[in-house]
Every structure is written in structure tokens, then in C-alpha cells.
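Take these sequences, add in the hints, and give me the full structure.
The residues making up each chain are set out below.
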Amino acid sequence: MPAETKPPDGAAEMAATSRSRRPRGTIVLKPERCKGCGFCIAFCPPRVLAFSAGFNALGYHPPELIRPEGCTGCDLCGLYCPDFAIYGIMLKDSAAQLADAVRGEETA
Amino acid sequence: MKADPRGVLSGVHFLDGDQACAEGALAAGCRFAAGYPITPSTEIVERFAQRVPLLGGMFLQMEDELAASIAIQGAVWAGAKAFTVTSGPGFSLMMEHIGYAAMTETPCVIVDVQRGGPSTGLPTLPAQADMQQARWGSHGDYELIALAPNSPQECFDLTIEAFNLAERYRTPVLLMMDEIVGHMTERVEIPPAEQIELVPRRYTTKPPAEYQPFAPEADLVPAMVRAGQGYRFHITGLTHDERGYPTTSVAAHDRLVRRLVAKIRNHAAQLTRVEEHFLEDAEVIVLAYGITSRVALRAVQMARARGIAAGLLRPILIWPFLEARLRQLARRPGLSGILVAEINLGQIVREVERCVGAQVPVQLAGHAGGSVHHPQELFEAIVQMAHAVEIER
Amino acid sequence: MSTQQSLPPNPVETLLRTDRMPHIWCPGCGIGTTMNCFARALQQARLDLDKVVIVSGIGCTGRVAGYAHLDSFHTTHGRAIPFATGLKLANPELTVVVYSGDGDLIAIGGNHFIHAARRNVDLKVICVNNFIYGMTGGQVGPTTPATALTSTTPYGCPEQPFNLPHLAESAGAVYVARWTAYHVRQITHSMVEMFRKSGFCFLEILSPCPTLYQRRNRLGDGLEAMKYYKEASVTRHGAPTKEVALSFQGPIVVGKFVDVERPTYLELLNQQLARALEAQYTGCIEEHVRG
Numbered sequence: 001m002p003a004e005t006k007p008p009d010g011a012a013e014m015a016a017t018s019r020s021r022r023p024r025g026t027i028v029l030k031p032e033r034c035k036g037c038g039f040c041i042a043f044c045p046p047r048v049l050a051f052s053a054g055f056n057a058l059g060y061h062p063p064e065l066i067r068p069e070g071c072t073g074c075d076l077c078g079l080y081c082p083d084f085a086i087y088g089i090m091l092k093d094s095a096a097q098l099a100d101a102v103r104g105e106e107t108a
Numbered sequence: 109m110k111a112d113p114r115g116v117l118s119g120v121h122f123l124d125g126d127q128a129c130a131e132g133a134l135a136a137g138c139r140f141a142a143g144y145p146i147t148p149s150t151e152i153v154e155r156f157a158q159r160v161p162l163l164g165g166m167f168l169q170m171e172d173e174l175a176a177s178i179a180i181q182g183a184v185w186a187g188a189k190a191f192t193v194t195s196g197p198g199f200s201l202m203m204e205h206i207g208y209a210a211m212t213e214t215p216c217v218i219v220d221v222q223r224g225g226p227s228t229g230l231p232t233l234p235a236q237a238d239m240q241q242a243r244w245g246s247h248g249d250y251e252l253i254a255l256a257p258n259s260p261q262e263c264f265d266l267t268i269e270a271f272n273l274a275e276r277y278r279t280p281v282l283l284m285m286d287e288i289v290g291h292m293t294e295r296v297e298i299p300p301a302e303q304i305e306l307v308p309r310r311y312t313t314k315p316p317a318e319y320q321p322f323a324p325e326a327d328l329v330p331a332m333v334r335a336g337q338g339y340r341f342h343i344t345g346l347t348h349d350e351r352g353y354p355t356t357s358v359a360a361h362d363r364l365v366r367r368l369v370a371k372i373r374n375h376a377a378q379l380t381r382v383e384e385h386f387l388e389d390a391e392v393i394v395l396a397y398g399i400t401s402r403v404a405l406r407a408v409q410m411a412r413a414r415g416i417a418a419g420l421l422r423p424i425l426i427w428p429f430l431e432a433r434l435r436q437l438a439r440r441p442g443l444s445g446i447l448v449a450e451i452n453l454g455q456i457v458r459e460v461e462r463c464v465g466a467q468v469p470v471q472l473a474g475h476a477g478g479s480v481h482h483p484q485e486l487f488e489a490i491v492q493m494a495h496a497v498e499i500e501r
Numbered sequence: 502m503s504t505q506q507s508l509p510p511n512p513v514e515t516l517l518r519t520d521r522m523p524h525i526w527c528p529g530c531g532i533g534t535t536m537n538c539f540a541r542a543l544q545q546a547r548l549d550l551d552k553v554v555i556v557s558g559i560g561c562t563g564r565v566a567g568y569a570h571l572d573s574f575h576t577t578h579g580r581a582i583p584f585a586t587g588l589k590l591a592n593p594e595l596t597v598v599v600y601s602g603d604g605d606l607i608a609i610g611g612n613h614f615i616h617a618a619r620r621n622v623d624l625k626v627i628c629v630n631n632f633i634y635g636m637t638g639g640q641v642g643p644t645t646p647a648t649a650l651t652s653t654t655p656y657g658c659p660e661q662p663f664n665l666p667h668l669a670e671s672a673g674a675v676y677v678a679r680w681t682a683y684h685v686r687q688i689t690h691s692m693v694e695m696f697r698k699s700g701f702c703f704l705e706i707l708s709p710c711p712t713l714y715q716r717r718n719r720l721g722d723g724l725e726a727m728k729y730y731k732e733a734s735v736t737r738h739g740a741p742t743k744e745v746a747l748s749f750q751g752p753i754v755v756g757k758f759v760d761v762e763r764p765t766y767l768e769l770l771n772q773q774l775a776r777a778l779e780a781q782y783t784g785c786i787e788e789h790v791r792g
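Chains as they are written, first to last, in the working numbering: chain B, 1 to 108; chain A, 109 to 501; chain S, 502 to 792.
No lab work stands behind these hints, which were simulated from the structure alone. Idealized CB from N, CA, C, for every residue including glycine. Do not rely on the hints blindly, as some may be mistaken.
Here are the computed distance ranges between Cβ atoms for each label pair [stated by the list, open to error]:
| id | chain 1 | residue 1 | chain 2 | residue 2 | range |
| --- | --- | --- | --- | --- | --- |
| 1 | A | Pro145 | S | Gln750 | 29 to 39 angstroms |
| 2 | B | Met90 | S | Met522 | 20 to 30 angstroms |
| 3 | A | Ser357 | S | Thr648 | 39 to 49 angstroms |
| 4 | S | Gln773 | A | Gln320 | 41 to 51 angstroms |
| 5 | S | Arg619 | A | Gln436 | 53 to 63 angstroms |
| 6 | A | Ser479 | S | Ala780 | 39 to 49 angstroms |
| 7 | A | Val358 | B | Ala53 | 53 to 63 angstroms |
| 8 | B | Arg22 | S | Pro510 | 18 to 28 angstroms |
| 9 | S | Glu514 | A | Gly248 | 48 to 58 angstroms |
| 10 | S | Glu779 | A | Gln240 | 40 to 50 angstroms |
| 11 | S | Ala780 | B | Lys92 | 40 to 50 angstroms |
| 12 | A | Gly338 | S | Ala775 | 42 to 52 angstroms |
Encoded structure:
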């Protein structure tokens, strides 16, 4: 398994620019389905995902959102994920808070 | 349900067995056929292709028999009644899809106009050597239904019967014709549509949320659906559970395969279709089917004329085998033996031996194909079995 | 739970038989990725999903039908296309998608593939090409690149593979595109185009088989394959299909190569019969036939 748990180069700058804003999107996870292929992490345009330290029941490290503020909700992770374990949603301002709550539930 | 009069060519006709089979399919409401040309079956689809466009249906000539035998199953799941026809080598190619139809409980009809084999064999000449292939040709355990007509009239009647049985039991049904029956021209009477009873497809009445594609009804046959109705059902040739989902559970496999077999076997008594001549006092029973039964009847009559109590037992429905009736006959005192006449080197005779065991001698009068028996040949075999009279040459 | 319900769901979820998850595909296999695209394309094309039928053959990609919450048929090996042909012709209202692998569609099913394309049967054929027989343990197939190692070419594949877009076009397909599992948005777009088009449409999707193809050829895991696809792919819409053959780890020409109009089999059949039979002809496979 690729051990690419750190955000790739350039991510820090992107994070800095987006930190001032509310997140435009977020991800929803079904961590129990993840098989750890890393597609979502490698091909996330703002590079906001990384492998988590924990294991799921299948023995894989599901991804986690390491920079929530950078997520655009573009759903490329959802398109790439061969295990239907993650997808992205765009947030309307009013929905951001709600999404935070949900994200907490889903990734817990 | 009565036949659609538009498909029924009511009246008296002079047809060969192949043409009569095509008319039977149309009368049965079949509006989709797929096939690949092969002698001596091709005339069936030639006639069907000419007639069916006028009845709102189609014939599709496929690239091979593999394609033909699965295209009809696609059409069935779209809601059509469908059949394919073939012979010898084509029948061999269709074996996998007979198994698929058995496993997925797809009602369909496959006609095999038997010719001499193995391999390309005798394309234009008759045989009855696909009879065990019909029963066991696809891999795995399964049951199906096979009928054997002995005249153009029966090619018409039994084709309708084949479609009806396919719907009734959700199973592939084989019509085991032979080259002579297929190419023999005789009087065929096609009744008025209102006298032709058809078995409608057993569609479920349950809503999608409650429907399970392979949950059987009381007679072990599950109700069906067709594509495009919102049931979102799954059909697979893999071992599946009642939902239709694949499973490798040994218990689920056992449950499924036992049910597929039992839904036919349990109804074997109702399925028996037989013609009997002079069996009341017969000391020699000739068992023959298809074209051979006609020669055998002549031989039986010749024997009777010479004072030998011969009788004819003709199974019209070959699979499942008429086991109960045969056992009953074999128990009769005074029976010297059963002579099985068939155009092969011993196929149905094995089934007869299995059924009657050591109770009564069983003998084969067979040959490798290319012609029918001569009545004299069967007569002599009867005489030999009866140990009765001098052979008059 | 109420908060979850107010979130937009994963588009693929409505297409999945969720009670069958997790699926059997290996980590890093691209078949699931293509299903995401399929789900989104079905939504974008606004198809009535009750009228969409998916037909698969046998193999890893053959399992797609079993996971898709549509009327779905897992048929015999190689015969998805003739099954789908019967289904489509007997009920032309249905959108019939054939979703299967390269071995199933092109080796054992190759004859059906070319003939359905020739007839221009209105089928949407999606071929996930992983260059190998996955389900049976990594044997050589009709798309295995020359020199590649497989379990039955342990010294390297001596054969020339099929160039699938060229084969499809030559046989008569009206729509031919190729993408890789990396090109998720393009795949989705091509699928939408196929759903909106009549006739024999063919989409080839190159996809990783990390367990067998990648590993035996020391090409890394699924992610490595995806990175190779990203780097090696060149988009050339309209490229002559003759020029898009693949080689072992060579450049990959992707894009939409063919998008032409040609009457479908059913249109031609109807025309021909109407011409020959005139008023006697009332159309093929009328509603009453479908019971």
C-alpha cells in the first residue's frame, strides 16, 4: 500500500489561500467499504485527503479529510473511488454547518 | 387463454413437419425466433421468417447457434415467447444455453431436427441419436421436458404443447424431431384459434418491494417478471438465492438445484403423454418414439397377424421419462420382453433398462442412423423375443 | 440520521445493490471507478432507470450487472451481446447496456461483437479492458500487449492484440471512444453521449488489474497504473482508429474516434418490411407480443 499519508507538495499554499474562506464542499465517507487504493488521495485536485492512521474492518486505512477548508466538493474522489466509499458534495453556505455535523458522524 | 386468431392458419393443409412446427409456434403466440441455418431444420425458420412479419414479430438470423439460443432468452425476458431450431452440430452448440435456461428458469422452446451423427455426420438423413444429449447435454444437474412428434400433425400440436409446458414449468422444452418427420408431408389440421388453449406466462402479482424472483410458489415454480417494469431484478447463471443474488453457499445451491429438478420430477405423472396399441394382452411390448413408432406399429400389426401378442408403447413426451407407466407394464404376468426400437445404438433403451430392472428382458433394435427401420426387421425381433412363430420370409 | 437524509446521496448509491456491498473486486481495480461514471451518466442523461437494462457476460467486469440496481442479467461467457440483442429487439423501449470485459466481449464473444456492430443493433457496449483474464487468474487474452507476462505466457506474450476501436469501427459501430479509468469525467461524458445516441456504441475503458496484470509485469499497484494512464494518455478526438493500437506500457491515444449516423437494425428492418409488405406490415414486436 502506498504510504502517502502526507499532503503532497503545493498543498500548503493551496490551504493557505482557502483557509480564509468557508469550505465550498466536503466529503462523505463509508469507511467500512474502503480498500485503500489511494485513488481519491492521489487525484484530489486540492489535495485535501490522506490515509488515516486507523484501520477499517477490512484492514485498510480509509482516507480522511486533512484540510477540510480546502475541499471544493468537486466529487472527483466520488468518481474515482472503486469501492463507493467516498464522494464529494458542494456546500451551500447554509448547509456548511450541517455538513460538519454529518462529517463527524460518518468518519467517526 | 385462447390463441390469437391472427397467428392461426385454421383449416386443413398439406405440410411437412418443419412447416407444421413453424405454424405451431405461430399458433402458440411465438413472435420471436432466432436461428442459424442447418439442415434439416432450416425450413422451420424459413416459414417463420415469411409469416411472422405479418403478425407483428420477427425472425433474426444470428451468427451462430450460441447466439441464437441466447438471443431467444433475451427476448423472453423482454416479454416475448421465443424459440430456436437446429440440428446435430447446432444442438451441441446450444447445450450451454439449455443449462442457462434451466438455471434461470427461462421458458423457451428449442427444436432439434435430428440427423445422423456424431459431428457433421449425415446432414440430410435421419437419426434419433440426440435423445440422451437432450436429457444430459448441458453440465450439472437439471431436468427439462422433451417431446418427440411422429407426424407433421404432431409437429404442429406438440410445438404448441412445448410452448405451454415451457410457460407452465418455466423450463426449456425440447422438441425432438427427426429428419423424416421434418421433411415428410402429410395432412395437417389446424383447429380454429378458439380451440387452441395457451398457457399464459406466470407473471407475478406482487409489487416490486415484495417480489423475489426465485421464491417458488406451491408447485415449486416461481412467478416471473419482465424487463422494464420497475422490478429491478437480477438474473444469473450462477447459483443464486431466492432474491436472485449469487451465492456460494452449499445449502443454497442444494436448495436451488433440488427445486429445479423437483419442479419437473414431481410432476412427471401429469407430464406423461403416451400412445398405446394392443398393450392389454401384449407379451412383447415394442417401445418406440418419433418416426420409429410408425414403423414399429406396422411391425406390431404384422406380429398380431401372425398370432403374436405384440403391443406398442409410444412415449410422446420423452423427458421426464414415463417411468411409472413402464414399471406398471413390466409387472404384468405373461410379458416376455420389451423391445426398444430407436435410430441409435442404444439410448432410450438404457432408460427402459433402468426402469424395469431385471423384471423383464429388454432388447435394443437400433441402428446408427441414415434411414428408418424396416418393419420386417422389427417384426423379426418381436418374433425372436416371443419365441412363437416361424419367420416368414 | 435525519441530517444524513438531507445530504445529497452518492450518485452511485442509487445504482447499487447496496445489500451486496462490499463487492468482490480487488483493491485498486478500476471496474468500480467505471461504475461511478456509469451512475452519474445515467443521471445526467435523465434516463428512466426502470427502462434501463444491463447485461453482462462472465468475468470480473461481468459482475457489474449483479451490483447494478437495474433490471440486470448476468449471462453466459461471451454471450452478453446476443442476449442483449434479443432483449432490445423484443422490447425497443428499453435502453440496453452491455457491460463486460475484454476477454468476454472480444475473445469468446468476438463473433457476436462484430455482428452486432455490423447490424447496428442499438446497444451501448462498455468494455472494461484490463489486458488479462482476471477472474481465472491472469491468463493471456486478445488484448494482452505483446511481450506482457501472463500466467499462460510466462515467457512473454507473442501475440498481437486487437485494436478495439479499430475493430469496432471496421465492424460498423456508430460511436467509438476510448478512455482509461483515470479519465472519469470523460468516461461519464462519453456514456451520456452513448445513451443519447441510437445504434451500436462502443466505449473501451482501460483499467488496472493490480492483482494479476500489474503485479506479474512488475508495474506496481492500481494507483501506479492510474498514474501511467494519466502520463501516457494523449487525447486525439477523431483520430483514425487504425492509429490507436496499444503497446506494452506505450502511449495511449484516448478520445472519441467515431460518431456517425447510420440507421439501426430495427429501423432498417422496419423500412424493408414496410416496403416489401406495404399495408400488411404493422410493425415488429407489437406491444401485445410482450404480454
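So, going through the hints one by one against the coordinates:
1. A/Pro145 to S/Gln750: 29 to 39 angstroms: With a Cβ separation near 46 angstroms, A/Pro145 and S/Gln750 fall outside 29 to 39 angstroms, so the hint is violated.
2. B/Met90 to S/Met522: 20 to 30 angstroms: Because 25 angstroms falls inside the window, the suggested range holds.
3. A/Ser357 to S/Thr648: 39 to 49 angstroms: For A/Ser357 and S/Thr648 the Cβ distance comes to about 42 angstroms; the hint holds.
4. S/Gln773 to A/Gln320: 41 to 51 angstroms: holds, 43 angstroms
5. S/Arg619 to A/Gln436: 53 to 63 angstroms: For S/Arg619 and A/Gln436 the Cβ distance comes to about 56 angstroms; the hint holds.
6. A/Ser479 to S/Ala780: 39 to 49 angstroms: Given a distance of about 48 angstroms, which is inside 39 to 49 angstroms, the answer is holds.
7. A/Val358 to B/Ala53: 53 to 63 angstroms: violated, 40 angstroms
8. B/Arg22 to S/Pro510: 18 to 28 angstroms: Since B/Arg22 and S/Pro510 have Cβ atoms about 23 angstroms apart, the given range 18 to 28 angstroms holds.
9. S/Glu514 to A/Gly248: 48 to 58 angstroms: Because 36 angstroms falls outside the window, the suggested range is violated.
10. S/Glu779 to A/Gln240: 40 to 50 angstroms: At 49 angstroms between Cβs, range holds.
11. S/Ala780 to B/Lys92: 40 to 50 angstroms: violated, 60 angstroms
12. A/Gly338 to S/Ala775: 42 to 52 angstroms: violated, 32 angstroms
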